[in-house]
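Produce the complete structure using the sequences and hints provided.
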Amino acid sequence: MKDYHCCATCIHYEIRRGTSEKFFCRRLGYATSPKYQFKCWIPKDNIRIKIKIGE
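Going by my numbering, the sequence shown opens with residue 1, and the numbers climb by one from there.
If you're looking for bench data, these hints aren't it; they were derived computationally from the structure. Note that the structure is a prediction, hence the values are computed from the model and not measured. There may be inaccurate statements among the hints.
Said to hold, decoys possible - Below, in silico cross-link-like pairs of lysine-lysine (DSSO-like), each with a Cα-Cα straight-line distance of 30 Å or less:
1) Lys52 with Lys39
2) Lys22 with Lys35
3) Lys35 with Lys2
As the list claims (entries may be wrong) - Okay, the calculated beta carbon distance ranges per label pair:
4) Lys52 with Ser20: 35 to 45 Å
5) Gly54 with Glu21: 26 to 36 Å
6) Arg26 with Asn46: 27 to 37 Å
7) Arg17 with Asn46: 13 to 23 Å
Don't be surprised by glycine CBs; every beta carbon is placed ideally from N, CA and C.
Shown next, in the form of structure tokens:
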């Protein structure tokens, strides 16, 4: 799981084109980085499948 735990794989992560805050967390409400890690992380469905396969 540690290989996947980052903002870029979270359901709340979004990319905003044409704004100064390109990478944004909808849950936290502010700009983030794809590499950051927070305890509120909820993996996207495709990541959940990869984690399950790797177990």
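#### Entry: Broken hints, by number
Violated hint (a single one): 6; every other hint is consistent with the structure.
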